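Protein chains in written order, with this note's numbering: chain A, 1 to 815; chain B, 816 to 1244.
These aren't lab readings, by the way, just hints derived from the structure by calculation. Since the structure is predicted, the reported quantities are computational estimates derived from the model, not experimental observations. Positions of the beta carbon are idealized from the N, C-alpha and C atoms, including for glycine. Hints are supplied without guarantee of correctness; some may be wrong.
What the hints assert, rightly or not - If you want a taste of the chain B side facing chain A, the calculated C-beta under 10 Å gives, among others: (1) I980; (2) L1000; (3) P1002; (4) N1007; (5) W1011; (6) S1013; (7) P1043; (8) L1065; (9) P1066; (10) E1150; (11) G1153; (12) E1160; (13) G1161; (14) I1168; (15) T1193.
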Amino acid sequence: MIEFVINGKNIQAQPKTTILQAALANGIYIPHLCWDRRLLPYGGCRLCLVEVEGMHKFLASCSTPVKAGMIIHTETPKLEKARRTVLELLLVHHPLDCPVCDKAGECDLQDLAFKYGPVASRFADERKHEPESTAAPLIERNANRCILCGKCVRICKEHQGVGALNLIGRGFKTKVSPAFEETLDCEFCGQCVDACPVGALGTKSYKFRSRVWFMDEQENICPYCSVGCTSVLSLRDGQILRARGKDGVGISKGDLCPRGRFGFDFIESEHRLSTPLLRKEGKLEPASWQEALEFTARRLAEIKEAHGPRAIGALGSERCSVEDNYMLKKFMVLSLGSKNVDSRTRLGYAKQVEALKKTFGISRLALDLDAPLKADVIFVLESDLTSTHPVYGLKALAAHRDLKATLIVADPRESKLSRWSSQWLRIRPATGVALVNGIMSALIEADLFDKKAEAVKGFDELKKTLERYKPSAAAVMAGVSELDIRHAASALAAAKNPMFMACFGSSENTKGEGTALALMDLAILLGRGPEALGLPPEFANTMGTQMVLEGGETGLDAVEMLYGGQMKALVIMGENPVVTFPDTTRVMNTLGGLELLVVQDIMMTATAKLAHVVLPASGWGEKEGTFVGMTGKPQKIVKCLSEIGQGIPDWKILRNLGRLMHTDLDAKSFAGLSASALADIEQRQETAHPVFIPVEQETRESADGGHPLLFATGNLMQHSGSLTTISNNLDSAAPDAYLQINPSDADARRIYNDSFVKVSGRNGEAIYLKARVTDEVPQGMVFAPAHFAHAKVNLLTLPSKNGEAPIAAVKVDPA
Amino acid sequence: MTRYLLDVVENRSIGEYERAGGYQGLGKALSMEPGQVIEEVKKSGLRGRGGAGFPTGMKWMFAAGDPKSPKYIACNADEGEPGTFKDKAILDENPHLLIEGMAIAGHALKAELGYIYLRGEYLKEKDILETAISQARASGYLGENIMGSGKRFDVHVHLGAGAYICGEETALIDSLEGKRGQPRLKPPFPVNSGLWGSPTIVNNVETLANLPFIVREGAGRYVRIGDPGCPGNKLFPVSGHVERPGVYELPMGTTLREIIYEHAGGIKNGKTLKAVIPGGISAPVLPPGLIDCPMDFVSVQKQGSMLGSGGVMVFDEDTCIVRVAHRALEFFERESCGKCTPCREGTGWLRGILERIETRQGREGDIRLLEDVSKNITGNTFCPLGDGAAAAVLGFLMHFREEFAEHIKNGCPFGPDDLNPYHYNPVQP
Ligand SMILES: Cc1cc2nc3c(=O)[nH]c(=O)nc-3n(C[C@H](O)[C@H](O)[C@H](O)COP(=O)(O)O)c2cc1C
Ligand code: SF4
Ligand code: SF4
Ligand code: SF4
Ligand code: FES
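Pulled out of the complex, with its shape left as it was, chain B reads as follows (with noise of 0.2 Å):
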């Protein structure tokens, strides 16, 4: 198997990079035509490695096709979904990687400019993205006349200030323009009017960090690994209750058991799996009897969940899943932006009544009323953040929904909790 994006670098230098072939996919991708380098990343059908999983070539193709000038690439490193931590593995062990692919992604684009939006939190790879960039301006591979082509580019990392929301690609737009961070409407999309207004791409650190391969090693060969619809190394950050969590490389399209079990070394301390949430924390969770799916964007929405980040989030038998259900809520009601009503105030509701039910105040009818509140934030709300939190409700009550009714009627089986006895009190401070 081939590892191209956590292929470790020594010491994160440039030098090791340039050796194991770094920087070559742009000095190719700079001998070619712009038109032609967003052909071969058409022609290898990347898909967002962001959550939406939206194809890179179409994406960049629409904002070569808009007259407006100048463009900007942004890369995506705001990484802030729980279960998620991927990108991370990239900036902290192969930065190059990432602004290698943005200087062809400026070149494909005629952009001169690209940012990095920093999850506020990675201040350590704020640290090495900077020292990486200063190298590449070293090298040429940044600067005014890139690898003696003529070409300019330049890259610039933001640091954003902490809220989820700001993942979100027009949330993030607003951010870097220095504006409370708030999904925009669209259309029109960032493609045609991002940053400043000017054409502007979005892509994830992952998306971004395939680039160098693809180009390098041409689509022909990026299109035999992995899933032939969705062709690729994928990174899935695993965490929970296995042996080995971490983050694995592995071609798109492995199956759950096989990162649970083999890559990740199984369930912790012998136990059995009880549940198994595939994409981070808005994707639905999944059963045991589940985890036969491939691991690719369609094979997972067949599941009626969602590829999302490729988060692996792994349950033991003695997991309260309520209590999981409990913390995705209070996670999605913080990190609501506070823009449209049903996510903003759906959040809390949905939070609190999960926390009645935790708390052993259940009342009758709490499962309808979650299933009811949940189907009425679905579709309507205004970005996707809402609808992920809808969603994840609808998944445990799909597969757990004997679990709640059991905590309605006697009270939660699992004891308190011991992790975070804090947001279980039920008298809080």
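Okay, chain A solo, but in the shape it has when bound (with noise of 0.2 Å):
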């Protein structure tokens, strides 16, 4: 501790703590525009001088680390003239348009100005007339208001690692551009935007729509990823006109990826379902609740009583609240008797959630946000986690690049992670087991594994296994050099606190149960328990879902009810299969088989359109509940919309539909009813007893001659599922699905970039992509984002068995 005296106050902070940084912690305002918590100092806009005494220069007090026994003034007439002029300076050119300005009344020049002045302007110069930069989506760029701080480039490129802005120019001339004057072309996560404390930037679907103090605040939690980011939103009117990260609230602490900032407005679609609709002569048409649930309520107790309650299941959703699911099973156990009830998690979350139940016998992991950045080495196994969850993928970034842990990366595909990595293993397409199998391998033959190890139960096994994944020969089989998985060995040997970090998203297909165990074998086999896991769930609710479902007695899960073909009817509830789950054809028939399809959903989907009966729920914004993500702790989602048409929560929908079918659920209150369902997933206490589960590298297709390019599926960065694609935010960033191919493998076809392509699986299917040519992807593997309805990538993908990668062998030819 270092002791020091501002403004006459006796002062302690940590060494390396900056004079602002000790000022703000301690209640003292220091004036400072291009100074953010999250960036390295800058020292740019020198309004944050301050005097200390023996000094004979005023210091930034940005980028001056404190020293002891500094006497430290903030406000002297001297301070006061020098940032007079500095802001005198910086309104010299200043278009002062307040009128028109997005930004005022929240705007930091402007509270400035407003407290050291007013400034009689004693010079008045031409102003800058650059046109303002609107070509780019999502982000416009007013050059004019641009103070010049920095602030933009640097969160840009510090922290989100990706380096889109840059300064241009020198002098007054300089500005804030792409590079050579291009039209931006970014992740759009909008981070710049926040960061920005002027109007220089501003976001499409804000601007012009209302003066601040018009609009009300409220916190939520977003809606889209595990990772439970706060998302301030802005209201007016019963709308919400934008989504802000605020500095310090929530676990995020003012971050946001592109889905927080942007995707708030899937809530105002056009294709929400305003009303109940009815089967009727073939077609849907609008029905009252009345009607539909009276329909309802009678096919379910005659199918009941024809085929019995094992022919009923349903399907919950990741994308409810915890109250929502638990009301579903609820409703399907009492009122049905059945206890078929499972939800996608069974494509994703669940392969580690049953990989965890092996390993360590716990049900599930409550991550720390934080965790990367306490770590010295993170393993990072074909998941691009800054893709799928933002927020936590900074995290893993910040670790490499300010504390200098090892970042290494198994991925075949380029990622911001494998980009900044310490070494980037370029494996083969789902040769995840492989590869962890011969890093342990290389760990038990150089003796650099925990000696702990050797007790624990399964031990003998994983060495049997592992005989046949000597570094060379798992080297062969992921195809990386047997010295980099030596070389990857011995960094996690040497680490004091590694970290091994991977998501199982659900319409990811390089992964299955199989990569999960090994990467918990290989925990393991380091010493290391379940807190060494970084597996983040993959929605807001992911975790929330599978604990209500999974809670209790379990009938079919969800691959035996979409593909086992025993089902008569089907309750569907915020999911919509015919687009998120594999094998569409598959998904169709059993649908359009069913004696009765009920579909809740808040918009018109796929699904939706061959169900009996549609009923039209609330979304996020619009009801209360709960979210469990990442860190296992509940999360309050708060109402802060009116429903749309006749639509209620999930929950009042399945116990008034109890209700009809006489059983009490016992919901009276939403408070009651959440009480219960959170006492029921809250109870659970569990420790771990590590065991190995030795585990083969198998894939349920392998490419050859017919079929020779192993086509993986996942996720973007602006979308989430299939919900974003509605939003139009998020539709603007990243409109369109396609599929990337390697240029070697693309001009061996004749194929070009932005060529439409076909893709043929074994299955007999084939869909239409327009094609990405990029040596994002290696040789012999295609990508395409999954999250687009109308490409209809799940017609090539296949339901995975017996924990292996459900990758897909394709055959891609010029359209």
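From the two separate chains plus the hints, produce the assembled complex.
Shown next, in the form of structure tokens:
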């Protein structure tokens, strides 16, 4: 601790703390424009000057560390004069178009001018007359208002690891721009917009929508991934006009990704359902709630009567709240006597849960968002975490960049993480198990593993399996060099605090349960417990959904229900298996053959179109509820919008249906329901007991002469499942599916960038996509994002069985 | 008087250079321990010739003391300041001197790589340097095993892109790394975290060119040249209204009067001296009454200016000082990197006020305004560029206040600027 004095107050701080940080932490405000908690000090604006006794110059407090015994003054007449001059200088060229600037009312420059002004402008000079840059999606730039604090440039490069913006030109002509003044083409996270202290950066969706003082603010949990960021919504007249991150608020502390910042508008999509629909003479027609629910109750009873409860199943949703899913389970068990309730987690998150149960004997992992910052070696396996879990992924980047952690990325696809990594193991698609087995084998060979592991059950079996994965053999399987494997092994062995990261997304087909098991074996071999695993669940309420639906006894799982051919009736709540489940043809056959398909949803999905009854539900923002994200801690979601049309919360639909079926589902109030739902999931206390479960490298299909390319599907940073494709904002940033193909594979087939290609699978199906020729995928692999319904990517994908990676082999031709 | 910097070598051939004792300093350095070389440089009292006059031996000691490796030698050949063209003389006439100096520095710092950051306009010098470098490689002074010592050292030339700020050492490093050239926060200083985060010494061309002599002849001999507090020869590029403009190698501490009247042949066309800028455009102007000042770091500072690069700019009685000031500020405005507010916005403001004074639109109070703005820039900018601009203005005001007042009252008495009518046309196209 260092002791010093600010404005007569004795203060202590850790070494390396800057004067500004120390002052702010002690409630002393020093004006500043270019400093941001997340960034390295820059010292450009010169507003944060302070006087330190004994120094002949003023010091920039943002970039001067405190020293013992410093006597610091932050408010003196001389400083006031210097700051006034800086402000005056900033205002000389400023357009002062506050009346038409969306930032007015929350603009740092305006506030400071108010505090230190009024300045009689002693000089009037030409203002800038740069045209606004409006060509890019989502983000607009107005160089005339820019005060060149450089925060946008630095947040993009230093914090996001992107570097889409820079300062170009010199002196007064300096401006913020993408390279060569091209149109901005970036991740569209919008972090730069939030960072901008003035109105020089803004979002298209908010432009000229409101003055800030007319809006209400509401914090809510982002509905997309499991990070559970807090997004601060600005509301006016019952509409969300924008979403922002706010410094220090929520677990994300102000960071948001493209989805969290721009994806809120899905809720006002024109595809929203407003009334119940009932199939009459083959067509879905609007119906009253009474009519629709009575029909549903009657048909469910009839089917139960005719085929027994086992013929009825339900799919819950990771998009719906804990309460909604809890109610679905209750409805199925109490009203219908069926235990067949599952969700899409089966295709993704369940892989890791099953693996956790087998290796550590626990069923959930509560993650610490900041855990990567405490690791010294981070191993990421076939996961584009900065796309699937952007704000969590940033921590891995920060650990490497700021804290010098070793970042080892094993992935065939180039990603932001691989670009920043210390070691990029560019393995062949879906060979994560071979690689990890190879690493384990290298560890055992070099005697670098933790000796406690020898006593762990299954060690001998593991050793036996690893015989077949000698580093040289594993290198061949995974397509990397033996040296690379040994290198990664010794880095991991030397780690004091290693972390193993991956995500098991339902639309990713390069990893299976086996991949999760291998990763866990590796952790155990290095003497680590579940705390070393960074395996985030996929969506905002994936963990909550899984905990609710898997609590107690369970019946058929989602794969059995959709591909098993035994179902007569399905109740599908907030899920769209026609688009989001693999092997679309079989899914369509199953759904088409049902005697009753009930769909509760917020919009008219492809699945809803097949239904006999469609029930309109309220969405995020229109209802209260709870999400359980990666931290395992329940987070409340807040109602801040009114329901659309006749939509009501899913739990209410089910309660009403239950009443019609004469069962009391005990949900008189939301609060009561919520309490019992949470009590149900919060009870579990688990302790880990490691066991080795050796696994073999296996994939569902492998490439051959007829189908020579491996077809991987996955996620984009701008989207989340298929839900975000109805967000106009996100759609404008990432509007379409495409097929990434390596230049050599493209050349061999005479495929050109942006030309259409036909992708055919072994199952006889084919889809058409635009080619994106890029070396972001290696030779032999093609990749398509799985979000877009119209692209029908899932015609070619396969449900996974037996824990292998469900990757498919395809043939690609010019279309 | 010994001349060891501009000892003109015929055809710049390496053979001539060797015959004149070239590369003997390197040979001697290689026979010494790196630490001994640094000791010798410290003893020599050599101070950096890039402008700030920082003791070179001390800089090297800091870099050598940092445990990180590799280390780099960066030669600052950006020379972009108006009035300064001394490094060019060395590059044109004696490039091997620089290469030898860098190799000595390389040995002292245990560095294996050196970069010459060359001003973007010095294309001819680029060719000269590259030829000299390949000669030196061919003769075993650079490369894998220099002079059979088993040591490795090589030099690359990196051409700048025309920004003055890239002469500032941290901006130079950013630019070398391929980034936008903008000064970095110090600390960490380049000696601890420079190029690619490695310990790096940035030295001026002339500084490095002093080394062969120091090592060959010994610090003991070197300290007897020039000023005891700041020994050695100094290059003085003299420009402006003198009979013989050019670069003069003279002992440190030679007076301004001697430089102007003896070496440069006095004021052109028999006119009288009105003002002199002693050390490049960032050095405040001096009136004729102060030209007996010895040209060394300490003495010039005592007169309220600075030795800087030693670039002597001479102005005769017919020169309009407001015009000079305006021209200087045009330079600073154009060359401000744009990072910090006072410099980016302030230089333009100052230039604007000077422009209106020169074009008969000056207002009452403009002198006080110039002073006030300059004082509020001073000390508050991120790097010395902005300080230099403010200091220049304050210097002109201190010694030529009357002339500014006269301009505001009655307009410019010197008539139109025939040298550059474009700039002074009040209605600019
Ligand atoms: C704006 C600015 C421009 C500079 N330009 C040069 C230059 O062109 N050449 C140079 O050697 N030093 C220049 N310097 C000084 C360098 O920052 C640095 O002090 C010098 O290269 C150190 O070398 P020395 O120790 O050998 O003098 C400049 C400094 C500033 C602030
Ligand atoms: S939106 Fe994100 S990626 Fe794009 S420029 Fe801004 S910070 Fe960079
Ligand atoms: S656009 Fe905004 S954040 Fe970027 S430099 Fe300008 S004022 Fe700063
Ligand atoms: S999608 Fe995930 S990372 Fe992005 S804002 Fe929402 S919770 Fe945060
Ligand atoms: S906040 Fe310190 S210089 Fe900008």
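Q: Go through the hint on L1000(B) and say holds or violated, using the shortest Cβ distance to chain A against 10 Å.
A: Status holds, d = 5 Å.
**Q.** Hint check, I980(B) versus chain A [nearest Cβ-Cβ separation less than 10 Å]
**A.** holds (8 Å)
(Q) A closest beta-carbon separation below 10 Å is what the hint needs, so does W1011(B) meet it against chain A? (A) violated (14 Å)
**Q.** Supplied contact hint for E1160(B), tested at 10 Å Cβ to chain A
**A.** holds (4 Å)
(Q) Min Cβ distance, L1065(B) to chain A: is it shorter than 10 Å? (A) violated (33 Å)
Q: Verify the interface restraint on P1066(B): the C-beta must sit less than 10 Å from at least one C-beta of chain A.
A: It is violated, given that the least Cβ distance between P1066(B) and chain A is near 32 Å, above 10 Å.
Q) Minimum Cβ distance from T1193(B) to chain A below 10 Å? A) T1193(B) check passes; min Cβ-Cβ to chain A is 9 Å, inside 10 Å.
(Q) Hint I1168(B) vs chain A: min CB-CB distance below 10 Å? (A) holds (7 Å)
Q: Could you check if G1161(B) really has its C-beta closer than 10 Å to a C-beta on chain A?
A: holds (6 Å)
**Q.** Interface hint status, E1150(B) versus chain A (Cβ within 10 Å)
**A.** holds (7 Å)
Q) Taking the least C-beta to C-beta distance, is S1013(B) closer than 10 Å to chain A? A) With a minimum Cβ separation of about 15 Å from chain A (threshold 10 Å), the hint on S1013(B) is violated.
Q. Does the CB of P1002(B) sit less than 10 Å away from some CB of chain A?
A. holds (9 Å)
The structure is inconsistent with the numbered hints 4, 5, 6, 7, 8, 9, although it conforms to all the rest.
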